[in-house]
Amino acid sequence: MSARQQVLLLWLASSSLEGHVLGWSFFDGAAGAGPQLTADPPYGTGLDALRDGWRLLQMSPLNPPVPGRERETSFLKHEFVFERVVEI
Amino acid sequence: MTTTNLLSTDQMASFVARGFLRLEAVVPDDVNRQANEELPGLFRAWLDEFRGASPKQQPADTHATENESPLPRSGTPLDTAYAPDSPFGRMVRVPVISGAIASLVGANPVVDHHFVHIKTAGDMHAQGLHCDAIVDEGLAFDIQLFWFPHDVAPREGGTRFVPGSHLRRVNMDDVSRYQHLAGEEYFSGPAGTVVIFHQGLWHAGAPNHGSRDRVMGKLRLNPTVPQVRLWDTSDLAERNRADDHMFARMEPGLVAAELRRFERWYEPAVHRLETVQRARLWRYLTGDQQFDVDWYLTRTERRAALAPR
Chain A
231 MSARQQVLLL WLASSSLEGH VLGWSFFDGA AGAGPQLTAD PPYGTGLDAL
281 RDGWRLLQMS PLNPPVPGRE RETSFLKHEF VFERVVEI
Chain B
3 MTTTNLLSTD QMASFVARGF LRLEAVVPDD VNRQANEELP GLFRAWLDEF
53 RGASPKQQPA DTHATENESP LPRSGTPLDT AYAPDSPFGR MVRVPVISGA
103 IASLVGANPV VDHHFVHIKT AGDMHAQGLH CDAIVDEGLA FDIQLFWFPH
153 DVAPREGGTR FVPGSHLRRV NMDDVSRYQH LAGEEYFSGP AGTVVIFHQG
203 LWHAGAPNHG SRDRVMGKLR LNPTVPQVRL WDTSDLAERN RADDHMFARM
253 EPGLVAAELR RFERWYEPAV HRLETVQRAR LWRYLTGDQQ FDVDWYLTRT
303 ERRAALAPR
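Protein chains in written order, with my numbering: chain A, 231 to 318; chain B, 3 to 311.
Chain B with its partners taken away, still in its complex shape (with noise of 0.2 Å):
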């Protein structure tokens, strides 16, 4: 895939900061039009099946649809499994999406997996609040593009979204009680808009108080190389600083002041710990291993040289 249009460190720091990226209107609208007409019947042969209405076919190394092109088995490189006539290999080939998705999981991603999903005018119910798969370990991620291809008005069904919460350790929907938090978003934007979630992002389908369907497609990406400075980097060394941690006097322009984002609903005493997550994300992003924001990691580590455990 493509290298250019990478992302810049501005916003790999927002989506550190906040677990998301928003790229507006960026598929063209001859390639939303086509996703519009195709991508339904991904959803409703799926459903039959669900149903029991139509048996299941599945040719040995492919799922085909009716409307759409092979659903890809896990683990197909990118660049290989999407027809670039189809509408998934139309939109990751959007060099602006090529771009995001090199600078977050490399040129070079596998596929985890793709869906449609449909929330049909008038649906009223509400998703609970979950992050998909299963709680995670680590620092490397996936991400997942959310991929909007009409307009979407507000309340008409637009994805539930926490920013700031990818790196709270939960498991699938453990997190379903919480109706409503403060600061939290739903989707609404022009046709074209992905936006790139980290895996751990909390999300929830909305109801749909509108008068038509709405269509998302959704594709979770897999790196296969360490993702380490894959983005536009050539502002990262000035805007790199660990030591601006003077009291109640905080630097501008620094990768550190995106990284104390507040969000509404955190404690303040947890936000302090938040910080200290993307602090430890940011150094396996850059490989600075003496990276950080506020000297949180780096007063105990120099204080357990002195004295180990």
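Just chain A, same shape as in the assembly (with noise of 0.2 Å):
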């Protein structure tokens, strides 16, 4: 038996973990051998991935808009990226 990551980025409509999933991305460091997401999307909310058992690596910092460029839009704003350990 090893062990291998697994992340998972969700995005969420809000700065709070409570808010609803709006996208979501899978990488599998077990490469199918684990086990997989079995809902599409996966999780209603931050928080319903924490109580799955993901373990919150990084969130979105909340940064002040740039002066002058404050109606611009690009990337989705708040990123969560969990992960977990399985072995295969």
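Rather than coming from a laboratory, the hints here were simulated on the basis of the structure. As the structure is a prediction and not an experimental result, all values here were calculated from the model. Note that CB positions come from ideal geometry on N, CA and C, so glycine has one too. Mixed in with the good hints, there may be bad ones.
Here are a few chain A residues that sit away from chain B, every Cβ distance over 10 Å (derived from the structure) [said to hold, decoys possible]:
#1 233
#2 262
#3 264
#4 287
#5 302
#6 316
Label pairs and their calculated CB-CB ranges [what the hints assert, rightly or not]:
#7 24/B <-> 271/A: 20 to 30 Å
#8 283/A <-> 181/B: 18 to 28 Å
#9 5/B <-> 304/A: 45 to 55 Å
Fit the two chains together into the complex; they arrive one by one in their own frames, and the hints show the way.
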């Protein structure tokens, strides 16, 4: 048995983990040998992912808008990175 | 090029809000058949060149392939870029297509480039999400025609795209980590459908679970004139009001109603900024610098005039 990392990215509707999921990505270090996501989207909120055992690694910082560019839109703002380690 | 069959105000507003316009089964069957026979040759010749299987041969002013009309050089006027009997030449002369082109980038645009994309049967690669070229500045925009000359069933390699992504400032495939976004679409539809994209729309080649190759001809056009009131504006004046921001009571039928459109992958706070971006683009397209959606631009412009920074 050896450990592999699975990474789940969720983009939420707000800066709170209670925000609902707008987008998601899954990167599987176990190459399919471990548990997989079973729903589409996999969770309703970021908090749901925590309660299912995912560990939060990082969340987007709350940066003030750049002066003069306050109204520009770009990447999704509220990115939450989770991991779980699976044995294969 | 002809200027009949211009787009309506509703179609233009939808393009500004969502970044694409779908023209369903508008290319005649015989043109689609010709495209299906001739366009794959361009892709295969490019693959051979890429792999070094055949020497690159480029005449002085064109790049001819075996089965397709010569590749026009960037900047060639559209009306002379393609032989009238070639697949692309016939497609851009379909009145519904030429009317849409004229409405969006004027009657005399130039060709940026074209290419033929093939997703072979069973090709399960999911291309990373991206927008073409590089991050762009300014309000003027190019269009890209995605021409599907045969029926495309769901999951048979129809292009993935994200409605409402076109005004988000990103560079090329910096958005490739987004594997799933709520409300994104995968093209499927009947032969002869052309989907016109704003240059900034996020998209990606999708896996082809089907049993036949998926062919798509893509053509990018640059405007040569300001893109101001080029469509059928006969109903614009009465629908272009900026003052219907009566709290929680919006007036249906106005352009602003479409420009408020929400996409499921939007953060609610960013949605408000998206309406500002759309209002700025609509100001460019109409020449009406007083236009607004929900008073966001107007109130700040008026305050700024009182106390300049």
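Results of checking the hints against the structure:
1. 233: At roughly 24 Å from the nearest Cβ of chain B, residue 233/A sits farther out than 10 Å, so the non-interface label holds.
2. 262: Residue 262/A is indeed farther than 10 Å from all Cβ atoms of chain B, at 14 Å.
3. 264: Nearest chain B Cβ is 18 Å from residue 264/A, so the label holds.
4. 287: Since the minimum Cβ distance to chain B is about 14 Å, residue 287/A lies beyond 10 Å and the statement holds.
5. 302: Check fails; 6 Å does not lie beyond 10 Å.
6. 316: Per Cβ check, residue 316/A is outside 10 Å of chain B; nearest 19 Å; holds.
7. 24/B <-> 271/A: 20 to 30 Å: holds, 26 Å
8. 283/A <-> 181/B: 18 to 28 Å: Once the Cβ atoms are compared, 21 Å apart, the range 18 to 28 Å for residue 181/B and residue 283/A holds.
9. 5/B <-> 304/A: 45 to 55 Å: Distance hint for residue 5/B, residue 304/A is violated at roughly 36 Å.
Violated hints, listed in ascending order, are 5 and 9; each of the other numbered hints is respected by the structure.
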